[in-house]
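Engineer: Residues per chain are reported as follows:
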Amino acid sequence: MDPAAAPGMMMTAMERPAPATADFEETVRQHWSGIFRFILASVRDRDAAGSLAQDCFFKAYRARDRFRGDCSLRAWLMQIAVNLVRDHARSRRLRFWRTARETAGEINVPGREASPEAQTLAKERLRAVWEASGRLPERQRTVFLLRFVEDMDLLEIAAATGLKEGTVKAHLFRALQTIREELRRPS
Amino acid sequence: MSQHLSSQQISMWMAGERTPEAELHVRECADCAAELDAFARDLALFRDAVRQWQVPQPVLRPARVWPMRLALTVATLLLVALIPVYRFAHPKAHPQLTAADAALLEQVDVEVSRAVPRPMEPLLELASAVGEPNNDARKDNHAATQHK
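Residue numbers (my numbering), protein chains in the order written: chain X, 2 to 188; chain Y, 15 to 162.
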């Protein structure tokens, strides 16, 4: 499937028009951080994430005339990103996991915990979520990241992943179960 | 619902599947509310940690592709424009020039095939002339031997 073949391309002319070429830079400015973050959290390789994020907006730019707005622009861009991440994971599966282990230490506790003890505890829990999310199957991880990092609602996630809302909920439930088990495991 | 929420119910709650019974229980049970709150805080911690990642500035590829295409087009046009210049700069050989070249090559062959360079030829002739009396003496000796 062409990653740029987002659902917006099949809509009627009655719906929201595509971002004009002149507005595309604004689109990039608005959505770049979210797309980059999602890709980096998925592939866990900064160089690859930068390249895939560029690819995402390049594909969106080329397909912008076919976007009709049946979903939000963010969901449409995220669908392209999800497909790129999927292709990347398929082609470099072994490297993906090796890199995931190598760069897992990049995640840091936001500096809001007051005491060193609280910092340590937060770090342990953060690492548990990070490692558990890295071990999730691809779809569960995608759904988890879109919901709990990008704050997308279930309908948006369904649009971005091409899954039904019930399937999204099921993947999210399984992902949360895995992460919760990891959090409850004594360190 | 008198029992605490199970692990599955807590995950379902966080996934957005909230039954009226579960909502009622959470309102009344401080332990389950705390459990849900702790899980939500862990997920928020994860979100904040990912969101604090340094994000590089985007570089739009279309802006890079077009100059590249333009450069390729200009290079192609330049090549096409230079072909006639190159052809005129290397005109076809004229027949008279070809004959002159052949004569020159023949002359070179002759020069190369000489035993000694042309300026040294008089010396060679002189050496031949000096060597002749020796030959006459040898002939005289031969004739005297025969006479005896």
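Hints listed in this document are in silico derivations from the structure and should not be mistaken for laboratory results.
No residue lacks a Cβ here, since even glycine has one placed at the ideal position from N, Cα and C.
Hints may contain errors.
[Said to hold, decoys possible] What the simulated footprint calls covered on chain Y by chain X, stretch by stretch (three residues with Cβ under 8 Å from a Cβ of chain X suffice, anywhere in the stretch; the number is not a length):
no., region
1, 17-25
2, 29-42
3, 111-121
Engineer: Checking C-beta pairs, does the region 111-121 of chain Y have three or more residues closer than 8 Å to chain X?
Structural biologist: violated (count 0)
Engineer: Given that the region 29-42 of chain Y was listed as covered by chain X, double-check it with a C-beta distance under 8 Å for 3 or more residues.
Structural biologist: It holds: at least three residues are needed, and the region 29-42 of chain Y offers 3 whose Cβ sits within less than 8 Å of chain X.
Engineer: Count residues of the region 17-25 of chain Y with a Cβ under 8 Å from any Cβ of chain X, then say if the count reaches three.
Structural biologist: holds (count 4)
The structure shown violates just one earlier hint, number 3.
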